[in-house]
Amino acid sequence: MPVVMDAVRVARSLARIAHEILERNRGLEEIALVGIRSRGVPLARRLAAIVKEISGHEVPAGALDITLYRDDLMRHAIGAQPLVRSTDIPFSIDDKRILLVDDVLYTGRTIRAALDALIEFGRPKSIQLVVLVDRGHRELPIKADYIGKNLPTSPSESVQVHLTELDGRDEVEIEG
Amino acid sequence: MKKDLLGIADLSGEEIYRILDTADAMREIGERPIKKVPTLRGKTIVNLFYEPSTRTRTSFEIAEKRLSADTLNIAVASSSVQKGETLADTAMNLEAMAPDMIVLRHACSGACHLLARICRSRIINAGDGMHEHPTQALLDAFTIRQHKQRLAGLKIAIVGDLLHSRVLRSNVLLLTKLGAEVCVCGPPTLVPPGIERLGVRVSIAVDEAVAGADVIMMLRIQQERMRGAFVPSLREYFHVFGMTAERVKRAKPDVIIMHPGPMNRGVEIASDVADGPYSVILEQVANGVAVRMAVLYLLAGGVEEGSHAEAAA
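Chains as they are written, first to last, in the numbering used here: chain G, 1 to 176; chain C, 1 to 313.
Note that these hints are calculated values from the structure, not bench results.
Certain hints may be false.
[Said to hold, decoys possible] Taking lysine-lysine pairs in the DSS-like style, the calculated list, with each CA pair at most 27 Å apart, reads:
#1 G:K96 - C:K2
#2 C:K43 - C:K2
#3 G:K96 - C:K35
For reference, chain G alone in the conformation it holds in the complex:
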């Protein structure tokens, strides 16, 4: 399987995104990161750590599970329900600038579900989207504000993001 990003490129992309976040958001006390489970969560934590390193400012990071908001639940007569994992947002999102973090942006349906889920926790001042890879093929009017890598793909291909915290290595692969 061709590797499209190795550990060095992943690290550089995240560092660049962290700088862009700082550049575009004055008033760091207003920002908070929310990672979408599974791989958005370690990415959000890493971005929080990099932002702290650069600015000295501690940005809170939470985890959001969007399973219960998916638009494809109960559409199949056979097969078990997807696993629900816990949501953990230990801070108020009211009047915050929320940076929603995910690994791959594809159809946009996960982000649609995440926006619905997030808004039930309060009324943020704004929501911006951070993704490590944008592979195109949107089915909904959604776009990312910060992108690690634009990756042209065909719908038959699959993009696999591996992260050290969950998979033992940092790597983005394309299959199919």
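Chain C: place on chain G using the hints.
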């Protein structure tokens, strides 16, 4: 999951852990400012209760509402059952209105199995006679795991009216399936014959049963189900089998005391134990909502191959 949740007997260990893990995630929804997710939007759930129930019915209803299902409560006192309709006819009539799930509580063991055979709707057993009460056993297991981080290898004493208790049967099936060491204890008149075949130890001395226990589970004396004199008097029962602070001392220092409710204070459990530091009785009630949300969510999905609905289709 299969089409229906009729009893713990039908669940594998893996399915039980899947329900408990899902309940872990569901618990957080109850702590949000807006305690609702859109998951079961457009699903209709009928709560059909042929026996009085406050806790279980409310718990199911809250769980259903938190998942955005449309819920209907049918209390038999105000329904056509009073006019002589049979359970099967009531079910077929409800079925004609196409609900997605029916939560049934009934005084007859096996009532849910009957409904599961004749209905396309998914059936959840909320207690059938003296047979099973699976969601109670699941919430008990969830509460135990919360406190002890595991179920396998724990010493669990279940004390009280064993004979009339569906909570006992479901708990014994679940706990032995997951590798806990279960001792059941009650007056000989209230020990169902053959219970040891379910893999439990039987004791008629409460002091011995609770010695070294990690968990003490009390069962209610079910006078409404008793046909005959099983205990000489409630005072004597409390004297011999009631859970007192003195008896609790024989268990492990970090023992937890459970009761499925409703409690008879001063009959099976002393008030100072029920309200004391070891008691997790109200946590059980709180956890019931999360566990029922997990069951509703998992049952609302696709049916696994080879299970009842597919065979019928």
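For this structure, which hints from the list above don't hold up? Hint 1 is the one this structure does not satisfy, whereas the remaining hints hold.
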